[in-house]
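Which chain is which? The protein sequence lines are V and R, in order. Counting from 253, one number per residue, gives the positions in the first sequence under this note's numbering. Counting from 253, one number per residue, gives the positions in the second sequence under this note's numbering.
It should be emphasised that the hints constitute simulated quantities derived from the structure, not laboratory data. Heads up, a few of these hints could be off.
A pair holds if it fits inside one copy or across any two, identical chains being indistinguishable in the list.
List of simulated lysine-lysine pairs, DSS-like, C-alpha gap at most 30 Å [said to hold, decoys possible]: (1) Lys269 to Lys370; (2) Lys427 to Lys523; (3) Lys269 to Lys486; (4) Lys370 to Lys394; (5) Lys370 to Lys528; (6) Lys470 to Lys549; (7) Lys334 to Lys370; (8) Lys528 to Lys427; (9) Lys470 to Lys370; (10) Lys394 to Lys334; (11) Lys334 to Lys470; (12) Lys427 to Lys549; (13) Lys429 to Lys531; (14) Lys370 to Lys549; (15) Lys528 to Lys432; (16) Lys427 to Lys370; (17) Lys445 to Lys429; (18) Lys445 to Lys557; (19) Lys394 to Lys427; (20) Lys370 to Lys523; (21) Lys334 to Lys269; (22) Lys429 to Lys523; (23) Lys429 to Lys528.
2 protein chains.
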Amino acid sequence: MDGRLSLGEIGERGVIKEIRSMFGYSFDDDDCAAIEYGDMLMLLTTDSINRQSHIPDGVAPAAIGRFLAAVNLSDIAAMGGKPLYFMTALELERDTRIRWVREFETGMKEVLDRYGVKLAGGDTKEGHDLSLAGFAVGEVGKNRVLRRRNCRKGDVIYVTGTVGKNAAAYYMWKKSKGRKWARCMLDVEPRIKEGLFLSGMGATSAIDLSDGLFASVKQLSEASGTGISLDYSKLPIDMAAVCAAESCGVDLMHIACEVGGEYELLVGVPKARAAKLEKEAERRGMALTRIGIARGKGCTIETDKGAEEITSNGYEHFSDTG
Amino acid sequence: MDGRLSLGEIGERGVIKEIRSMFGYSFDDDDCAAIEYGDMLMLLTTDSINRQSHIPDGVAPAAIGRFLAAVNLSDIAAMGGKPLYFMTALELERDTRIRWVREFETGMKEVLDRYGVKLAGGDTKEGHDLSLAGFAVGEVGKNRVLRRRNCRKGDVIYVTGTVGKNAAAYYMWKKSKGRKWARCMLDVEPRIKEGLFLSGMGATSAIDLSDGLFASVKQLSEASGTGISLDYSKLPIDMAAVCAAESCGVDLMHIACEVGGEYELLVGVPKARAAKLEKEAERRGMALTRIGIARGKGCTIETDKGAEEITSNGYEHFSDTG
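Extracted from the complex, chain V is given alone in its bound form (with noise of 0.2 Å):
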C-alpha cells in the first residue's frame, strides 16, 4: 500500500489491516482477544470515545461514562464471556470541573456495579480535548467461548433486543440538536447477561451491532466463511427507528441496518438448539429473535421485492462511506 495515502483514504479497517500485516502473527476477528490460561480464556479489549467522533454537545457526563463502559463490556459480551476488570485512560481539559469527573465516573460505575466489574486502575492526563480509552478484561470457558469464525452453514441468526434505536436518535438529534436526543444515541445496554445465556445454551457465534447490523452480518460471515441471509420482515425494528425514519424523511432501512453504534449481538446458534434456545430465552424474557440462517455465499436480505445483496459497510472511521 502506498504510504501516502492518508486514513481517511484508506479508511478504517484498512489501517487495522496494515498494521495486524505488520505484525507476522495472526489476530483472531473477534471482538477481544482471547489467550489461554488454565481451562480459560481470558478476554482483552479496549475501546476508545472522543469528542469529535462519539460526544455530542450538550450531553451529560454521566451519560458518557455509562457509555465508554458500555461499549467494552459489550466486546467481552460479544464473546459470551463473564467481564472481570476494567481500567480508563482519560485524557481531559485542564479547565474540565472536578463535578464533571464526579458524574463522569459516577455514570460508569454504574455500570461496572450492575455487571460486578471492579475498577483496577488507570491513567489520567492532560489533554487538549476529550479522549477516553477503556480497557476490559473478561474470562470465558474454552468450550463457552464465541467466536466469530465459529458460525456454520445452517445456524439460525438471531439478535438480541432491537434494532434501528441509537440511530433514529442520531438522526433526530441531527435534525434538532435536542439534548434528549444526544442521551439516547449514548444509551447503551452491554448484552452481558445475553451473551452468558447464549454461551451457555451452545450457540457458536456472536458480534456485536457497533458498526450497524449490515456490517456486522458481513463480518460475521466473512470470518467464518458461510453466506448469511436476513430476512427484513423479521427484524426487530425498534419503533422510534420507524418514528425518526418518518420524521427525518430517510430510509427505515437504513436506520435500522446500516449505520453504527448499537451494542445489540448477532449470534449464530445450530439449528437443533434453536427451538430449546428460544423456549428459555422466551421463559426468562430475553429478546431474542429470529432473524435469518446461515447458508450459501455472501449476504442478502430478503424484502418484499425480492432478495437484495447486503453491500454496505456500515460505519467506519476516518471514512466518507459510513
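Starting from the known structure of chain V, arrange chain R on it as the hints suggest.
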C-alpha cells in the same frame, strides 16, 4: 472537595484521589493493578500519551511508538513482572499518512519484540489530535512482586541506570527546539530485565521515575510509611544532565531529581541481601547504584550543605507546579 474546582486547580493526583474515593474499595498504590490467578498475580496497567503533553514537534513516529510501549512496560518492570500482552487505543487525525502509522507501529514492535510481548489487538479511532493509549498485561509470582508499600526501615535504596538524561534532553529541546533533543526526550528503556533480576534477588519494593526521582522517593515513602534519605553525592547523574545544566543555566539537582519523563527504577532491598545483590549486578554488567537508605520519617537528601527535606512533588498533569 468543591465540584467547581478545575483539574488545573487540583492537579493530577487530586483527580486520582477523587476518583478512587468514589469506588468504595481500596486501590493499591502501585504502578500496576495486581490480580490473583492461581499462584501468580496478573499485572494490568495503562498509560497514555498525547501531542500536547508528551510529543514535541518533529519527533519521528517510530520514536513515539517506542515511547508508548516503553512507558507501559515500565509499570510492569516496577512490579518485578514479566510483560506478556499489549494493546493500544489510537486516536489519529484523518489526514495521518499510512506511512506514519507504519513507522509508529515499527517502533512499538521493536520494543515489544525485545521483551517477547505480543500485541493482542487494539482500537483505532478518528480524533482531533494525536492521543495514544497503551494497555499492558504481565505476570509475577505472588512471593516475588515488588510493591511500594513493602519498603521497610533499613532497606538500602538503589536506582538503575542514570538520572537526569531525559530531563537534560527536555531542557536542551526547550532552548533550541532541535529534533535530536525531541528524540532523546522520548528515548527510554523499560527496565524489565532489571525488575525481574531485582525481584528474584529479594528486593522488597520498586517504583519507576516517571514523575522524577524526588516524586518517586516521596511516593515510595508515603506508601510504605518509612522515611527515605538520599545521598546526593551518590546519585548516578547522567553526564548529559551536567552539560544541560551548564548550557541552560538550570540547577543540576533540579534536572537530576525534579523533572519527570525518566523510567529508571527506584528500588528498596533488605540490607542483608544488598552485598550479594551488588555483586551479582556487577557480574551481569547491570547499572545499579546505592543512593540512600530507608529510615526515620519524611524524605531528605544529604548535600554539602547538610540534609535538606525533599519537598518537590515532581511533574504533575493539569498542574503548573511541576
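Okay, the hints, checked on the actual structure:
1. Taking the closest pair of Cα atoms, Lys269 and Lys370 come within 30 Å of each other only across two copies (17 Å); inside a single copy the shortest separation is 32 Å, beyond that limit.
2. In this homomeric assembly, Lys427 and Lys523 never come within 30 Å of each other (Cα to Cα): the closest approach is 43 Å inside a single copy and 70 Å across copies.
3. Taking the shortest alpha-carbon separations for Lys269 and Lys486, neither the intra-copy value of 34 Å nor the inter-copy value of 50 Å comes in at or below 30 Å.
4. In the homo-oligomer, the alpha carbons of Lys370 and Lys394 lie at most 30 Å apart both inside one protomer (23 Å) and across protomers (20 Å), since each shortest distance falls under that limit.
5. In this homomeric assembly, Lys370 and Lys528 never come within 30 Å of each other (Cα to Cα): the closest approach is 34 Å inside a single copy and 40 Å across copies.
6. In this assembly of identical chains, Lys470 and Lys549 lie within 30 Å of each other by CA distance solely inside one copy; the values are 11 Å within and 64 Å between copies.
7. With identical chains, the CA atoms of Lys334 and Lys370 are at most 30 Å apart both within one copy (12 Å) and between copies (23 Å).
8. When the C-alpha separation of Lys528 and Lys427 is checked against a cutoff of 30 Å, the pair qualifies neither within a copy, at 44 Å, nor between copies, at 72 Å.
9. In this homomeric assembly, Lys470 and Lys370 come within 30 Å of each other (Cα to Cα) only across copies, at 28 Å, whereas the closest approach inside a single copy is 34 Å.
10. Within a single copy, Lys394 and Lys334 get their C-alpha atoms as close as 13 Å, and across copies as close as 24 Å, so both meet the 30 Å cut-off.
11. Taking identical chains as interchangeable, the C-alpha atoms of Lys334 and Lys470 lie at most 30 Å apart only when both belong to the same chain, with a minimum of 26 Å there against 38 Å between chains.
12. In this homomeric assembly, Lys427 and Lys549 never come within 30 Å of each other (Cα to Cα): the closest approach is 39 Å inside a single copy and 63 Å across copies.
13. Neither within a single protomer nor between protomers do Lys429 and Lys531 lie at most 30 Å apart by alpha-carbon distance, with minima of 42 Å and 69 Å respectively.
14. Taking the shortest Cα distances, Lys370 and Lys549 never come within 30 Å of each other, neither inside one copy (43 Å) nor across copies (34 Å).
15. Taking the shortest Cα distances, Lys528 and Lys432 never come within 30 Å of each other, neither inside one copy (40 Å) nor across copies (66 Å).
16. When the C-alpha separation of Lys427 and Lys370 is checked against a cutoff of 30 Å, the pair qualifies neither within a copy, at 39 Å, nor between copies, at 45 Å.
17. Neither within a single protomer nor between protomers do Lys445 and Lys429 lie at most 30 Å apart by alpha-carbon distance, with minima of 33 Å and 54 Å respectively.
18. In this assembly of identical chains, the alpha carbons of Lys445 and Lys557 never lie at most 30 Å apart, being 37 Å within a copy and 66 Å across copies at closest.
19. For a Cα distance limit of 30 Å, the shortest separation of Lys394 from Lys427 qualifies neither inside one copy, at 47 Å, nor across copies, at 57 Å.
20. Taking identical chains as interchangeable, the C-alpha atoms of Lys370 and Lys523 are never at most 30 Å apart, the minima being 37 Å within one chain and 37 Å between chains.
21. In this assembly of identical chains, Lys334 and Lys269 lie within 30 Å of each other by CA distance both inside one copy and across copies; the values are 28 Å within and 28 Å between.
22. Taking the shortest alpha-carbon separations for Lys429 and Lys523, neither the intra-copy value of 45 Å nor the inter-copy value of 66 Å comes in at or below 30 Å.
23. Taking the closest pair of Cα atoms, Lys429 and Lys528 never come within 30 Å of each other, the shortest separation being 45 Å inside a single copy and 69 Å across copies.
Hints 2, 3, 5, 8, 12, 13, 14, 15, 16, 17, 18, 19, 20, 22, 23 from the list above are not met by this structure, while the remaining hints are.
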